[in-house]
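Participant: Each chain, written out:
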Amino acid sequence: KQEVTQIPAALSVPEGENLVLNCSFTDSAIYNLQWFRQDPGKGLTSLLLIQSSQREQTSGRLNASLDKSSGRSTLYIAASQPGDSATYLCAVVTGANNLFFGTGTRLTVIP
Amino acid sequence: EAGVTQFPSHSVIEKGQTVTLRCDPISGHDNLYWYRRVMGKEIKFLLHFVKESKQDESGMPNNRFLAERTGGTYSTLKVQPAELEDSGVYFCASSQDMVNNEQFFGPGTRLTVL
Numbered sequence: 001k002q003e004v005t006q007i008p009a010a011l012s013v014p015e016g017e018n019l020v021l022n023c024s025f026t027d028s029a030i031y032n033l034q035w036f037r038q039d040p041g042k043g044l045t046s047l048l049l050i051q052s053s054q055r056e057q058t059s060g061r062l063n064a065s066l067d068k069s070s071g072r073s074t075l076y077i078a079a080s081q082p083g084d085s086a087t088y089l090c091a092v093v094t095g096a097n098n099l100f101f102g103t104g105t106r107l108t109v110i111p
Numbered sequence: 112e113a114g115v116t117q118f119p120s121h122s123v124i125e126k127g128q129t130v131t132l133r134c135d136p137i138s139g140h141d142n143l144y145w146y147r148r149v150m151g152k153e154i155k156f157l158l159h160f161v162k163e164s165k166q167d168e169s170g171m172p173n174n175r176f177l178a179e180r181t182g183g184t185y186s187t188l189k190v191q192p193a194e195l196e197d198s199g200v201y202f203c204a205s206s207q208d209m210v211n212n213e214q215f216f217g218p219g220t221r222l223t224v225l
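Protein sequences, first through last, are from chains Z and S.
Here the first sequence is numbered in the numbering used here, starting from 1 and rising by one per residue.
Here the second sequence is numbered in the numbering used here, starting from 112 and rising by one per residue.
Pulled out of the complex, with its shape left as it was, chain Z reads as follows (with noise of 0.2 Å):
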């Protein structure tokens, strides 16, 4: 049964700090993994889409790697500003086409 780890649960950093997420599977055999972010009482929010045969995607300031043998992948965010403060969420599909979910990562970016 796939699970998805994210690690840390929380996390304060300063503006302007470069900041990374982890995520870990622990089935490799996914066909993609997204990264969302949400905002308390709203949505998630689709930020990257990385393909099983990708190593990573790139969206302004954001990074997304996959190492799929190693079930794991990271969210890299560059010059972080307040405007960032969410909940990032990672999830793999499989084959059965759905998401899994991680718990997320709550960040807050300290002006």
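In short, the hints are calculated from the structure, not lab data.
The model shown is predicted, which means the values in this text are computed figures rather than measured ones.
One or more of the hints may lead you astray.
In silico EDC-like cross-links for lysine to aspartate or glutamate, where the CA-CA straight-line distance does not exceed 16 Å [stated by the list, open to error]:
1) S:K152 - Z:E3
2) S:K162 - S:D141
3) Z:K1 - S:E153
4) S:K155 - Z:E3
5) Z:K68 - Z:D27
Please arrange chain S on chain Z, whose structure you already have, making use of the hints.
Facilitator: Relative to the frame of chain Z, chain S by itself:
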């Protein structure tokens, strides 16, 4: 382009009552998914429609939950009768195809069963 919408945003009902949640996917998306997050837990899959057909309903907790997608457009998720443990946030997502499968989520419906 309109995103995934869900109605209502909040629902408070008493144990034993019935509640129906609605999801309107992004236009043209054949795949529609329901997920749920209960307090303190991760978001978990409930079921997946491809057009009007249930592709996978392995995550549905029990037979008190009934999902439909008439005509392959919007979907409803009915809970009857509701129990205390059904409280949580119910998310709907849609995707254009199964190969790429980037899923776009709605804002969720927060259900509280008293």
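Participant: Which earlier hints turn out false for this structure, listed by number in ascending order?
Facilitator: none
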